[in-house]
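J.: The chain contents come next:
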Amino acid sequence: MQLTGDRFTAETASFGNDLSTLPNFPAEIRAPAGTLPGVSSFQLHFANYDILTPGDAPDVLVAMNPAALKANLPDVPKGATIIVDTGDFTPRALKKVGWETNPLEDNSLSAYKVHALDLSGITMEALAPFDLSRKDASRSKNMFALGLLSWMYGRSIDGTVTFLREKFAARETIRDANIAALKAGWNYGETTEEFSVSYQVKPAAMPAGTYRNITGNLALSYGLVAAAHQSRLPLFLGSYPITPASDILHELSKHKRFAVRTFQAEDEVAAIGAALGASFGGALGVTTTSGPGVALKGETVGLAVSLELPLVIVDVQRGGPSTGLPTKTEQADLLQVIYGRNGESPVPVVAASSPSDCFHAAIEAVRIAVTYRTPVFLLSDGYLANGSEPWQVPDVDSLPTIDPNFATEPNHDGDGTGEREFWPYLRDAETLARPWALPGTPGLEHRIGGIEKLDGPGTISYDPNNHDHMVRLRQAKIDGIAGIPDLEVEDPGSEARLLVLGWGSTYGPIGAAVRRARKAGHHVAQAHLRHLNPMPANTGDVLRSYDRVLVPEMNLGQLALLLRGKYLVDIVGYNRVRGLPFKAEELADVIMEEVGAL
Amino acid sequence: MGLPGLAGVPTTDVKQTKKDFTSDQEVRWCPGCGDYAVLAAVQGFLPDLGLARENIVFVSGIGCSSRFPYYMNTYGMHSIHGRAPAIATGLASSRPDLSVWVITGDGDALSIGGNHLIHALRRNVNLTILLFNNRIYGLTKGQYSPTSEQGKITKSTPMGSLESPFNPVSLALGAEATFVARTIDSDRQHLTSVLSAAAAHRGTSLVEIYQNCNIFNDGAFEILKNRDSRDEVLIRLEHGEPVRFGADGQHGVRRNPSTGSLEVCAGDDPGVVVHDATADDPTQAFALSRLADPGTLARSPIGIFRQVERPAYGDLMAAQLDEAAAKQGEGDLQALLRGKDTWTVA
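As you go down the protein sequences, you meet chains A and B in turn. The first sequence begins at 1 in the numbering used here and counts up one residue at a time. The second sequence begins at 1 in the numbering used here and counts up one residue at a time.
Calculated from the structure, these hints are not laboratory results. A couple of the hints might just be wrong.
What the hints assert, rightly or not - Okay, derived cross-link-like pairs now, DSS-like style, lysine-lysine, Cα gap no bigger than 25 Å in a straight line: (1) Lys141/B with Lys167/A; (2) Lys583/A with Lys70/A; (3) Lys183/A with Lys202/A; (4) Lys202/A with Lys340/B; (5) Lys583/A with Lys113/A; (6) Lys183/A with Lys135/A; (7) Lys202/A with Lys167/A; (8) Lys583/A with Lys566/A; (9) Lys340/B with Lys183/A; (10) Lys78/A with Lys583/A; (11) Lys113/A with Lys70/A; (12) Lys113/A with Lys135/A; (13) Lys167/A with Lys327/B; (14) Lys327/B with Lys340/B; (15) Lys254/A with Lys340/B; (16) Lys254/A with Lys167/A; (17) Lys155/B with Lys141/B; (18) Lys155/B with Lys254/A.
Just so we're clear, the structure is a prediction, and the values are computed from it rather than from any experiment.
My request is simple: use the sequences and hints to build the entire structure.
T.: Here is the structure:
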């Protein structure tokens, strides 16, 4: 089903619609078919204008069995179209999902436009000429459904035909059967009178440029490759497989010709350790994980803070605590990444706001890490990771360059008796960053470690005042990170008294909700934080200039806690942790309620 | 110098001395600690390798021995408990021009860092790991360690420890190590010869060093060091030589025909086995490692147990990068970002 969704998305993207997707699947690899927990779905929203979310309520539901119908029905508004494969509507299958009677026959779906078709049966018939087992033939019904949908919405199936040719190049019969099923689906729509209408959604008006469809994990991977390119550093990824971050490991493993080294470690701790070791040697060290992995990596992040070496830790957040909801989204790791270490251990945090923004957020994380010799957390989440949207392919020449500025010679007179020395903790006056001296550079031999070091020479120091000084220095370095743009507020007409502030993947739903509220005649301001640590310099001023600040988060109020603590501003939270992104309608209701209360 | 383990590491023609490898930091181990002997041996033998000093890196974990890098005038990192093999893996596999050494102890390598140690050995990363085994936790002041003998009375085990100890050599062999050796802190000559062989080996070399902690576990290796007892209990392994010990070689080691295991026999027994460190099959090396009594360490073999060739992890990684570039050409970032399925909005 995920493949079918991917292909329909690809067709829609090449057609030029704006789009946004929400794959939703169980954590189990082959969850029992036909059961409610086993349902795998793919939601796609496309339009001829710019859209921000995968949509609250589908206009068309394609359900391949009773479980899929029952699981998704609550989201489908009255009047919507439902296409159902009746092939599996047996008394046994109905009973499995707790239906006493067949909803296709008992009138309970009378509020919808239902097309009950024996997709399985028709597919089997279409594939009769092929020498296929019943099981293999029935697997092609998804392609039949894709063909039918493609006809309904006027999408070309050429791209999918090419895709199937490549994917099943080694298995001719499977390849030909899937292509036949796809075409049969299209032809079925064209010839049968079951569907009296087809729909035309014209391409969206978008800024001129070259576009492609991209998921957050892919954009993030490309962002890392691009940042390595722009800093002329070889990329070293140490990673341990974990949902929903593994696809970044898979993707980067394909790019060895970019001198990208990928290391699948024995555990999360080794993954970040190897990345840090590579950074010491002059690579761009990166580790990718999700919340449980961040918990394990904490000690090494602390070491990187003490060593003051560049390191990027990507946290693709998922539902927690513990194993939680591995395939579902959440943004409840914010406090973990900001505070989850021993001692005073400040680490910059950058959060991507959309699938395509993962690209630029990755470059920004690398810029901070390399310039300030510090570990940086880059936050994504399950929704961004697997969701997709059109992305305007950037011109490489337009990307920022990042200067590693390696140390090349001794930097201090030492005791003044002649020979110049290298002090690994002598800081740049402006950035407070220490020199990055690579092994192999003569004359700069030095030892660093996790023990507190004397400001300047970097030798072991247990001196109380030096420790106090170093703690403050490390904090000041992070607080003073430059190049963080001011928080921009969108407040058309400047009449709003309510500010809706978000961070991370809620950007789309909040934006869509604010649009709805404005359409309904309300004045609402919107702002979105990309830098969570340090925050933009004007954040406090922005918060204080509104009568009320609403912060929707997929956690129990973690950003709200930070804002209250830092800026002494009251915050109204809207918090849901359902493993799914907010719906625009639900947020619009909350916003309008808050505006009304002012 | 023709040392495969150091191929790719720049050398120098400038004559080096021990002083060149000695940092300006005051050594802070307890007076009488076995670590001093190892430090002196390493500082004394490194000049013989003739490597550019700036291309040598010492990485350590946490523990008394892990302070080692501070005292070496090379590049160094004193990291966190147990993680040195992982950190060194990232460094060594991305920088083939470096000679990377890991300094660790029995607690660091075998307790908290056990997982990283076995995986570094399995991968055969080009590292030389010096495992200082004093059979005790020193820095945390005297708790039993994973190599302490069962029944050990310590602060955390007032009625005796309950656990069976690891045999680090057996463990390393089981983890598919390509180079495994054991030596003793007080035997400078043996220590130096083993270190030279370890540095010359390409892949992970594990050297277990019996090291005396004179504060918390003094005399742990006394029977192996004492002139009166050592010949009777210490088995010196030499590649290609029959395995004999005793002052006059009056003891030997042979294979028990019925069980297949190794046992002590008379030195002139016709069945005395010949040590072959280069044997593909690690069975005999493993059996030799099992000769030692886990409690008293009597019948402890020292020397190189195993020394076989297997491609090093970093070399394989570099070869894949080269192969990808040769087959597909150097990476073109713009082409990557563009991908195959694009559309243009005018």
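J.: Hint by hint, say whether it matches the structure.
T.: Going down the list of hints, with the structure as the test:
For the hint pairing Lys141/B with Lys167/A, the CA-to-CA distance comes to about 61 Å; that exceeds 25 Å, so the pair is violated. Annotation: proposed proximity of Lys583/A to Lys70/A holds, straight-line Cα distance about 20 Å (limit 25 Å). Of the pairs offered as hints, the one joining Lys183/A and Lys202/A holds, with about 23 Å between alpha carbons and a cut-off of 25 Å not exceeded. Only pairs whose Cα atoms come within 25 Å are accepted, and Lys202/A paired with Lys340/B is accepted, the gap being roughly 22 Å.
Distance hint between Lys583/A and Lys113/A is fulfilled; the C-alpha atoms sit about 24 Å from each other, no more than 25 Å. In summary, the hint linking Lys183/A to Lys135/A is supported, as the alpha carbons are separated by about 20 Å, within the 25 Å threshold. Distance restraint check for Lys202/A and Lys167/A: the Cα-Cα separation of roughly 30 Å exceeds the 25 Å cut-off, and the hinted pair is therefore not satisfied. As the CA atoms of Lys583/A and Lys566/A are separated by approximately 29 Å, the hinted pair breaks the 25 Å bound.
The straight-line distance between the Cα atoms of Lys340/B and Lys183/A is roughly 23 Å, inside the 25 Å bound, and the hint therefore holds. Taking the CA atoms of Lys78/A and Lys583/A, the gap is about 17 Å. The hint holds against a cut of 25 Å. Distance restraint check for Lys113/A and Lys70/A: the Cα-Cα separation of roughly 16 Å lies within the 25 Å cut-off, and the hinted pair is therefore satisfied. The straight-line distance between the Cα atoms of Lys113/A and Lys135/A is roughly 30 Å, outside the 25 Å bound, and the hint therefore fails.
Under the criterion of a C-alpha separation no larger than 25 Å, the hint pairing Lys167/A with Lys327/B is consistent with the structure, at around 21 Å. For the hint linking Lys327/B to Lys340/B, the alpha-carbon distance of about 19 Å falls within 25 Å, and the restraint holds. The suggested pairing of Lys254/A with Lys340/B holds, with an alpha-carbon distance near 15 Å, which does not exceed 25 Å. Restraint check for Lys254/A and Lys167/A: the C-alpha separation of about 17 Å stays at or below 25 Å, so the hint holds.
Under the criterion of a C-alpha separation no larger than 25 Å, the hint pairing Lys155/B with Lys141/B is consistent with the structure, at around 9 Å. Annotation: proposed proximity of Lys155/B to Lys254/A is violated, straight-line Cα distance about 52 Å (limit 25 Å).
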